[in-house]
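Protein sequences, first through last, are from chains A and B. Taking our numbering, the leading residue of the first sequence gets 1, the next gets one more, and so forth. Taking our numbering, the leading residue of the second sequence gets 1001, the next gets one more, and so forth.
Any given hint might turn out to be false.
Claimed, not checked - Which bits of chain A does chain B cover? Going by a derived footprint, with three or more residues having C-beta under 8 Å, they are:
hint : segment
1    : 27 to 41
2    : 112 to 126
3    : 136 to 147
If you're looking for bench data, these hints aren't it; they were derived computationally from the structure. All values derive from a computational prediction rather than experimental measurement. Positions of the beta carbon are idealized from the N, C-alpha and C atoms, including for glycine.
Number of protein chains: 2
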Amino acid sequence: MAKENFVEQIADIEADFPRWYTDVVVKTGLVDYGPVKGTMVIRPYGYAIWENIQSQLDKRFKATGHRNAYFPLLIPMSFFTKEAEHVEGFAPEVAVVTHAGGEELAEPLAIRPTSETIFGSMYSKWIQSYRDLPVLINQWANVMRWEKTTRPFLRTSEFLWQEGHTAHSSEEEALDETMKMLGVYKEFAENCLAIPVICGRKTEKEKFAGAVATFGMEAMMKDGKSLQAGTTHYLGQNFAKAFDIKYLDKDGVQKYVYTSSWGVSTRLIGALIMAHGDSRGLVLPPVVAPVQVVIIPIAAKKGGVLEACADLKQKLESAGVRVTLDDGDNSPGWKFNEWEMKGVPLRIELGPRDIENGKAMIFRRDSLEKSEYALDGIADTVTNLLSAVQKDMLESARKRRDGRIVYADDLNGILQGVEGGNFVKAGWCGLRGCEDKIKTETAATARVFAEGETSCKCAVCGKKAEHTVIFARAY
Amino acid sequence: MAKENFVEQIADIEADFPRWYTDVVVKTGLVDYGPVKGTMVIRPYGYAIWENIQSQLDKRFKATGHRNAYFPLLIPMSFFTKEAEHVEGFAPEVAVVTHAGGEELAEPLAIRPTSETIFGSMYSKWIQSYRDLPVLINQWANVMRWEKTTRPFLRTSEFLWQEGHTAHSSEEEALDETMKMLGVYKEFAENCLAIPVICGRKTEKEKFAGAVATFGMEAMMKDGKSLQAGTTHYLGQNFAKAFDIKYLDKDGVQKYVYTSSWGVSTRLIGALIMAHGDSRGLVLPPVVAPVQVVIIPIAAKKGGVLEACADLKQKLESAGVRVTLDDGDNSPGWKFNEWEMKGVPLRIELGPRDIENGKAMIFRRDSLEKSEYALDGIADTVTNLLSAVQKDMLESARKRRDGRIVYADDLNGILQGVEGGNFVKAGWCGLRGCEDKIKTETAATARVFAEGETSCKCAVCGKKAEHTVIFARAY
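So that you can see chain A by itself, here it is in the shape it has in the complex:
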C-alpha cells in the first residue's frame, strides 16, 4: 500500500455524502465488492464489528429466553404461495435453484429471503400441546433478496442477519414478545452502537409482507436521512393458518398459535458508519469497535520506547481492552491518519519524553481532543475514557438528531423539512392516497408513528388526522 495520506482519498463528507460512504467502507477495509453483481465480501475489519454486534445481541436474546437453531437455506417455492401477502412481497426478489446434482429439480427451490415459511412448516410439526408453548427460537443466517440497486451493508443481494421466530398461545403474549424485542433492539442500539433510535408502528404500506403489524426502529444518519435499523413483526395467526400450526389447549380445543418475528442485519454496520462518521472517516463506538485503542510509538528507534509500548499493550489487554500496537515502518503522522480513518476510539502516543515524564498523550477520535495522562494507573484511565466516549457519542448523536426533528402542517412543510435534512412530524389521515402523495411530492416515506403524539389535521388532505407520523427520506 502506497504511503499516501489516506484522508485525502475520501470524498468530502459535506459535498458528497454517498461517495464519502462508499470511499469509507472500501478504504478502511470493511468490505469489498464480490464477483457477482450486488454481493459483498465482508473483510476481517468489518466482520469483527459484526462479531461484536452478534455477541452483544446474542446474550440479550438468551437472557430473554431464546435459543438458537439453524433452518435450511432452501425453501420449496410452493411454501411462499401459502400466505398471500407474503408471496406478493417476496417472490419478485427471490433467487431460485432449478438444478442440483446434475439434474433439474422437480420443484424449484428459493434461497430464503426470510424464513417465516420454513419455520412455520416445522412449528406445525413440533407444536402439539399448550405445553409446547411458547417456542422462542432465533437463527443467525445469510439471506438473499435480489435487488436492482445495491450498496455495501445497506442493500446487497446477500446479507447476514438474525431472525427470531416465536409462537404463543395468545395474541397478548405474541404482541408482548413483539414489543419486548423492539425494546431489546432499542437498548442495544443506544448502549452498544451509540445510536439513538425512534421506535414505533409502521403504516400498512410499509409493513412486512404477511404481518398484522410491523414495528420499526429508525436512526438518523448524518445527512438527515433515516435508516431502518431493525423491525419486529406481530404476525397474528396469518402464518399459523397458512402452515396449520395448531395446539391442543387445556380446554381440549385445537387452536391456532399466534406468531412473531424480528430481525436486524449487517445493515447495522452501515448505520454505524453514517451515524457517527466524519471528514476523517469512521468513528466507532468502543463497545463494538474491533480495536478500541491503538498505541503509536514516537521515535520508536530510541531505546526503551517499543518495550514501554509493549508493556502498555500488555497492561491494557489484561484489563480486557482490545488494543493494537502499530510498530510498523510508517511515520507517526501516517499512522495517525490511518487509525483515525479506521475509527479507533482512542490513540495513545508514547515517546521517549513521555516515558521519562511517566505520561502519555491520549487522543479521542470522537471529540478530536488530545490530553496528557499519567502512565501510572493507565488501564483505569483508558477504561474510563472508553466509557466516556461511548456515552458521549450517544449524547452527541442524540443532540444532533433532536435538533433535526421539525413539525409540518402541509405538504410543502414536509418537503422543506426533508430537504433541510430533517425528520418531519406531520398529521396523517390514515389513507393510502395521502401517504402515496407525500412520497411522490417529497421523496419522503412514513417511517413510524410518533407514539403518544397527536396532530389535528392531515398534512395532505386537511381532514382529521389519525396519527402523527415521522416522515423522512430513507435508506
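Given the structure of chain A, go ahead and fit chain B onto it with the hints provided.
Frame of chain A; chain B shown alone:
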C-alpha cells in the same frame, strides 16, 4: 409429549447401529428432517453443541493469528472451471441458481460447495506485495453439496462449517500452516470432544479435488467404522495459478503465492454421537455439552426441596457450570431416562433426606456410577467431576480404539479386520489399482498413512510397500 419411557424408543445399539443413530439424533431433539429432501433442521439442543464447538475452535483460530470474514454464497459457475481437478470433483454436486429477481441470469451461479475459488478471486485483488502476506482468513458458513444418500450431520445437502483459506510466500510456510491447523484440530478433538484421532496424509484418490496433498483426522466410531472429522489441504500453487494470485517479492520479481485450506463441519456432532453414545442414548463430553449438570428434585413437593435445588443451581451457575433444574411434573425416573438419553454428563438428585444429611447423589453419565457427595463445597466437587468425566471419556475412547487396531498382510486379513469392526494397518505399493481392489473386495478405504510406520509388502500385489496405510470402512 407423552409420558413414555424414552429408552425403549431407541433401537438397540448392538443390533442395529444405524437405526440407533437416527433414533438418537431425532429423539433427543438434536435435529429434524427439513422439507427439502436431504436437508436438516438443527434444533436448539443440537445447535447449542455447535455453538460450543464454534467458540472452542474460534478462540484457537484467533490465537494462531487468523481473522474471520464472510464471502458470498453464490459463485459464478465459470470460476470452477479454472482449476481442472476442482471442477471435476465438485461440479456434479453443485446446486445451481439460474433465475433471480424474476429474470433468467446471464451466467448460472453455484451455491458454494467450498470457497477456494471465490477466496482465490479476492486474494488476487488484495495481494500485491510481499508485505500483504501471509493472509490468514477463516469463515463460518453454510455450504451445499447435493448428495444422493443423506443422514443428519453425517451427510446432508446443506451443512455448516468453517473454512480457513491462507496465502503464503513460500511452500514451506504454506505446508507449516497445513500441519499446524491439523494439530489444532487434533488437540481440539481430543480435549474438547474427547475423541482420539489419527492424523495423516491421504492418498491421491482420497485427497481434496485441487489439492497437492490432503491431511485428515480419522475417528473411530463405536461400530468400528471411521469418520473423517476434519481435513487440511496444502494447495501448492494450483489455485494461485488458476486465479492469478501474485505478489511483488522483495527481489522485485512477481511470484505466485502458495495456499492452504482447512475445514471441519457439523459432522463433528455426528462424530460425538457415534464415538461416545450407548444403549441409553447420547453421552456428551462436558466441554461441549449444552447442559453439563441436571438437578432432579426428589419428592419435590416436600417443603424446602425446590428451594434447595434452586439454591444449588445458583451456586453451580456462579461457578460457571451450565446447569438445568428439571422441576417439571414428570416422575424422577422418567426424568432420569430423559436426561440420560440427552447425554447430560452429571445428574444431581436432591431430596428431603439428602438435604437433612447435607448430601446429594451425583450420577455420572459416562461411567453410570452414582455416589454421595457433601453439599458443602458442592461447586468444587462438580467442577472436579466434570474435568474427570472429560478426561475419562477420552481415555476410555482411546482404549476402545487402540484395542481395535489390527495389522494385515493380505486382502483377506484386511477383510476380516474391517468385518470385525477394526482399523486395519497394511502395506500398500502406492498404485491406484491395489487401492481400488481393496475397496471393491472389502468395502474399506484408505483413511490415512500411518506416519512413521513401514510395512515390507503391499497387501494386494505383494510388491514392495511404499506406505503403511490405515484402512477402514468409513462414514
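Each hint tested on the structure:
no. : hint       : in the structure
1   : 27 to 41   : holds (count 7)
2   : 112 to 126 : holds (count 5)
3   : 136 to 147 : holds (count 6)
Checked against the numbered hints given earlier, the structure satisfies every one of them.
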